[in-house]
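Residues per chain, in single letters:
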Amino acid sequence: MANEIDLNDAFARKLMARVQTASWSEPRVFPNADGDCIELLLSNDNYRAERLDSLVTVYVNRENGELVGALVKGVRSFVRKMVARIPGFKIEIMDGKVKLEYLFTAGLWSHDAPTNQILVQRYRKLRQIAEAADLEVDLELEAV
Amino acid sequence: MGVRDLQRDLSEDKWLCYVATPNHAYDHKTGKKRPSWPGEVFLVFVTEERVVYNWYWCESDGLKSHLPADYEARFLEKVL
Numbered sequence: 021m022a023n024e025i026d027l028n029d030a031f032a033r034k035l036m037a038r039v040q041t042a043s044w045s046e047p048r049v050f051p052n053a054d055g056d057c058i059e060l061l062l063s064n065d066n067y068r069a070e071r072l073d074s075l076v077t078v079y080v081n082r083e084n085g086e087l088v089g090a091l092v093k094g095v096r097s098f099v100r101k102m103v104a105r106i107p108g109f110k111i112e113i114m115d116g117k118v119k120l121e122y123l124f125t126a127g128l129w130s131h132d133a134p135t136n137q138i139l140v141q142r143y144r145k146l147r148q149i150a151e152a153a154d155l156e157v158d159l160e161l162e163a164v
Numbered sequence: 002m003g004v005r006d007l008q009r010d011l012s013e014d015k016w017l018c019y020v021a022t023p024n025h026a027y028d029h030k031t032g033k034k035r036p037s038w039p040g041e042v043f044l045v046f047v048t049e050e051r052v053v054y055n056w057y058w059c060e061s062d063g064l065k066s067h068l069p070a071d072y073e074a075r076f077l078e079k080v081l
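Residue numbers (the numbering used here), protein chains in the order written: chain A, 21 to 164; chain B, 2 to 81.
Hint data in this document are derived by calculation from the structure and do not stem from the laboratory. A virtual CB, placed ideally from N, CA and C, is assigned to each residue, including glycine. There may be inaccurate statements among the hints.
Heads up, simulated SDA-like pairs for lysine to any residue below, C-alpha to C-alpha not over 25 Å straight-line [unchecked claim]:
no., chain 1, residue 1, chain 2, residue 2
1, B, K30, A, R82
2, B, K34, A, R147
3, B, K79, B, S37
4, A, K34, B, K79
5, A, K34, B, V45
6, B, K79, A, A37
7, B, K30, A, K101
8, B, K79, B, K34
9, B, K34, A, L72
10, B, K33, A, L72
Pairwise CB distance ranges, derived in the manner of DEER restraints [unchecked claim]:
no., chain 1, residue 1, chain 2, residue 2, range
11, A, M36, B, H67, 36 to 42 Å
12, B, H67, A, A32, 40 to 46 Å
13, B, V45, A, T41, 20 to 26 Å
14, B, P36, A, I138, 17 to 23 Å
15, A, I111, B, H67, 34 to 40 Å
16, A, G108, B, G32, 44 to 50 Å
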């Protein structure tokens, strides 16, 4: 039998108090160094996740199919692979930071002649958003 | 167990993904409790160091509705 969460519990109340109901106007990036991933959220719309490939899972609005965000997984290992494959990629890592648009570009380019148009469209949209907002990722990349 | 990638890292073989269909979900905008999303399952991902790194709802498999779509390609083995 599933355990019910007691929403009157002190921890639950503290957690629920942090729920932000106001609409967002700018993309937000949430790095998770322990999980070696970053989460990009464009709004607080309800979404479901759709795995794009081994690097990116996109969050899609259930009602209109619009992009709500993305999870970029295994960031450090992906960057290491990119540096090994294309040494020049290291130039884009400055002070342990890399622009998120470059990660999305590298993710898209890592597919050999991508024929999945949805994948291409999603990646292009993510890249466009990351570029427009000048988003960076800092996940202790100095060791790359 | 074993969160898989097309070019997966060996270290991810010990990562875990818990899957369930809870009775309720929560609305992102309001934080209010609501019925679970139909045709979806809830996933919680855990690294080898037992760090919960993400959780989300995603489409369920067409035949095994208690599992996520494409589960055979996404995970190494079922341990529970």
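Right, here's what the structure says about each hint:
{"no.": "1", "hint": "B/K30 / A/R82", "in the structure": "13 Å, holds"}
{"no.": "2", "hint": "B/K34 / A/R147", "in the structure": "34 Å, violated"}
{"no.": "3", "hint": "B/K79 / B/S37", "in the structure": "24 Å, holds"}
{"no.": "4", "hint": "A/K34 / B/K79", "in the structure": "35 Å, violated"}
{"no.": "5", "hint": "A/K34 / B/V45", "in the structure": "21 Å, holds"}
{"no.": "6", "hint": "B/K79 / A/A37", "in the structure": "36 Å, violated"}
{"no.": "7", "hint": "B/K30 / A/K101", "in the structure": "38 Å, violated"}
{"no.": "8", "hint": "B/K79 / B/K34", "in the structure": "30 Å, violated"}
{"no.": "9", "hint": "B/K34 / A/L72", "in the structure": "29 Å, violated"}
{"no.": "10", "hint": "B/K33 / A/L72", "in the structure": "29 Å, violated"}
{"no.": "11", "hint": "A/M36 / B/H67: 36 to 42 Å", "in the structure": "28 Å, violated"}
{"no.": "12", "hint": "B/H67 / A/A32: 40 to 46 Å", "in the structure": "26 Å, violated"}
{"no.": "13", "hint": "B/V45 / A/T41: 20 to 26 Å", "in the structure": "24 Å, holds"}
{"no.": "14", "hint": "B/P36 / A/I138: 17 to 23 Å", "in the structure": "29 Å, violated"}
{"no.": "15", "hint": "A/I111 / B/H67: 34 to 40 Å", "in the structure": "47 Å, violated"}
{"no.": "16", "hint": "A/G108 / B/G32: 44 to 50 Å", "in the structure": "46 Å, holds"}
Hint check: violations occur at hints 2, 4, 6, 7, 8, 9, 10, 11, 12, 14 and 15; the rest are consistent with the structure.
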